[in-house]
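S.K.: Going down the list, the sequences are from chains A and B. Per the working numbering, the first sequence starts with residue 875, numbered consecutively. Per the working numbering, the second sequence starts with residue 6, numbered consecutively.
Hints are computed from structural coordinates only; laboratory data are not their basis. Don't be surprised by glycine CBs; every beta carbon is placed ideally from N, CA and C. Be aware that a few hints might be false.
Pulled a few chain B residues facing chain A out of the computed Cβ check, cut under 8 Å [stated by the list, open to error]:
#, residue
1, I275
2, L343
3, L351
4, I360
5, G362
6, I471
7, L516
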Amino acid sequence: MITGFILRALEGKIVVAIAILIGVAILVPALNLLTSPDSALHIPTYAMALMGKYLCYALLALALDLVWGYCGILSLGHGAFFALGGYAMGMYLMRQIGSRGTYGNPLLPDFMVFLNWKELPWFWYGFDHFAFAMLMVLVVPGLLAFVFGWFAFRSRVNGVYLSIITQAMTYALLLAFFRNDMGFGGNNGLTDFKEILGFNVQAGGTRAALFAMSAIMLALCLLVASAITRSKFGKVLVGVRDAESRVRFLGFRVENIKLFTFVVSAMFAGIAGALFVPQVGIINPGEFAPANSIEVVVWTAVGGRGTLIGPIIGAILVNAGKSYFTGAFPEIWLFALGGLFIAVTLFLPRGIVGTIQHGFAGRKALKAAVEAEKGRDAGAVPVARQVQAAE
Amino acid sequence: MPIRFFTLFFLIFSFAAPAFSQGADPKPLFNQLADADFGQAESIVAQIATSGDIRVVPALEAFAEGDLYFRKADKAVFVAKPAGAQLDLIDPVTAESAGQVAKGAVTKIRVNNTLRRAIRAALGGLTLMSPDRSVRLAAADAILLSPSAEALDLVEAAIAKETDRDVKFRMEEARAVSVLSSDRSLDEKRAAIQTMGNLGGRSALGILSSVSSTIDPSLKADLDAAIKAIQNEQQLWDLAQNVWYGVSLGSVLLLAAIGLAITFGVMGIINMAHGEMVMLGAYSTYVVQEVIRSHAPGLFDWSLTIALPVAFLVTGAVGFVVERGIIRFLYGRPLETLLATWGVSLILQQTIRSIFGPTNKEVGNPSWMSGSFPLGGMTITWNRMWIVIFSLSIFFALLVVMKKSAFGLNMRAVTQNRRMASSMGIRTPWVDALTFALGSGIAGIAGVALSQIDNVSPNLGQSYIIDSFMVVVFGGVGNLWGTLVGALSLGVLNKFLEPSVGAVLGKILVLVLIILFIQKRPRGLFALKGRAIEA
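When you get a sec, could you build the whole thing from the sequences and use the hints?
M.R.: Below you can see the structure in the form of structure tokens.
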């Protein structure tokens, strides 16, 4: 059954994408490690680190696309799941520092010694084991998503309201993680990592391995996402997105469907965060900033929501653009990003990949699509009203 | 303590009424000091004090400091100040200069502690009996703040003469405070404790608690009762102060959210650029103030009044352009308005940053917004007071526009049923544009007010956007009253959580409570009924 599940996921484009990702996972580290720095084919370490970062962002965008593009839940709090995964990884890396910190305390990370703490808080227990930390990378974001979604979907909080409370969630976490007494390093976050699984995080080989890991995890998550969306469950998911009430009347438990997707998506985001942290070398509360989560929405929108490849392309393109602009013309980056937001919503509502898939429909067809969408929304009202009356 | 005592009286006198004379001329009395021994000097000082002539105060102070001299030649008494090798002589009554003499030509009038006490008493009596009401009041207040047994006789003498009801009341209180530190009888002290219990206030509480260890055991019960009474009253005032802080924060939230109540609440646009409209309003204030500073400094107190229409027009115009240029293509796709308006907000931020730079801009407070005034046991600053008044007036003005004007009628009609409104001949695109412009304009006005209490920087809007959405969603989308109640209750809730858990945790708790509240009532406190809820 599982094989069938996976096999169904292997649609043409997904196969190509996964093949490319695996190729990248092999080729880029190879070009970085095996070629001499003078060679034309050489990929410098900083470029590889940058690309590794993009891949993590791409995974985050994929996670958001799963809930937004397929389930219609616009989460403005996905940065929170990303950061939580990152913190779980960061905690593991902090524990690996051991007595090599500035204060040389074998048990406590530097910031706790600095705050005059005497013993490790209970929630830091177990993070010295890699396996436990990796479990937490999945469990912590998943649990938060479960609790949050369980309440929200059961009370049928949806649309705009859901977006706003997810934003409130990440904002509350931002404020919470800024506090020193939380035990997560406060303002400065977690940094100064030494090694991961016994390998120096700064070493070229470790970096190459982390990069390869990012590409492979992205490929793996893409496979899972594809399997989900191409299964029967995936069809229902799209049904929930397009006409939630109708799916409910057909007898599906919409809240459970949403909850499952939301939790899976949060776990993807957690994985992305966990891969991100050792590559950039720091995790701090800034990752919870609501603006970050909104930026993820843009990557997804640019690439094309409702397509699995789109968000990956969108995240990589926008971030590559960001790296270029902030380096070359720092003052116009925000103009470019803002313009991109507006242009994509106005002219490319399907995003890059979506537009290519549907062929370049002219403005007319676009307008028709918008009209149809409007009509659908308007049409949905009486149905919903009848239900309300029936209830 | 004596130093403070004197400084206090000196300060009081530095703004006292012009010289005033009654009773005997103090000048000959001063001259008698030249031959007097300590005992005689004491009675002379008392006589000087009974003259009631407040011009003698500096001379008496100089006497206590040992700066009073008499001229050997004619035994005339002067205040002397060192001027190089010589001494400046100053007339003790008129304070006119009487020339310079060599140090050998004068003799210091000696002073001892008993005499100093007498002088201090005389000084206190002089101010307590000053013909100027405000000086008497200030003197009584001074004794209230730093009571002493020595002042008691003076206060009692002053009470006997006092005719002004308020001042007399204050003096009675000062007397009660002084009795406790004197060696009067227990009954008098008991009465004093009761007076202080009725008086209340932090200083009374402090005095009562400080004497509680030394006081006669038989008075202990009365003392505790009085302390308890004051504490209860104090708690009530603390509560009132907290409510006020809450209302004040709530009014800031209301200001920030009220424009959003139109663009998001009424129109359903997730306007992420709302915070930037507030920011534009604040920068309009800055520009207006700069223009006034360089061209018409005299108008500075009017700068906010001038900035209000300017900010409204600027942000309203920006809102109009944004609606016509971007948002009108996105009706029916609320989640995408979020993206587009977020883009607008980034562009506006960067534009302001490019023009004015990334640093905070200085926006001044006009004089009528500075300072504070006491209200019972709490202190209210004028700028907070004005912001509360201002936000409520904007709220009610908006309510009138929505409910009573033709434009408001059109606006509500378009919101409730666009097609029907259009069929009735309402130009819906025009109404959309004006509504969005109105919401943006109000955000701009809010920016004028917020520029008074917050840093004016390109990031100003970012700090308000989440709070604003919380307020509107909590209050109930599409309901202005909900926004008012939401803002005030969130403000008060925040301020009540703050003392026990701290500011940041308080804010986190409020956010969590809102998230939970939305689960219970997904449409907010005051949900709209009917079709609008499905939009």
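S.K.: Let me know if the C-beta of I275/B comes in closer than 8 Å to any C-beta of chain A, holds or violated.
M.R.: Because about 6 Å separates I275/B from the closest Cβ in chain A, which is inside the 8 Å limit, the hint holds.
S.K.: Does I360/B pass the interface check with chain A, least Cβ-Cβ distance below 8 Å?
M.R.: Violated: closest Cβ of chain A sits about 11 Å from I360/B, beyond 8 Å.
S.K.: L351/B was flagged as interface toward chain A. Is the shortest Cβ-Cβ separation under 8 Å?
M.R.: 3 Å, holds
S.K.: A closest beta-carbon separation below 8 Å is what the hint needs, so does L343/B meet it against chain A?
M.R.: 7 Å, holds
S.K.: Would you settle whether the hint for G362/B is holds or violated, based on the nearest Cβ-Cβ distance to chain A being less than 8 Å?
M.R.: Hint violated; G362/B Cβ to chain A Cβ min 11 Å, cut 8 Å.
S.K.: Against chain A, run the beta carbon of I471/B and see if the smallest gap drops under 8 Å.
M.R.: 5 Å, holds
S.K.: Identify whether the interface hint at L516/B stands, where standing means a beta carbon of chain A within less than 8 Å of its own.
M.R.: Holds. Min distance 4 Å.
Of the numbered hints listed earlier, those contradicted by the structure are 4 and 5.
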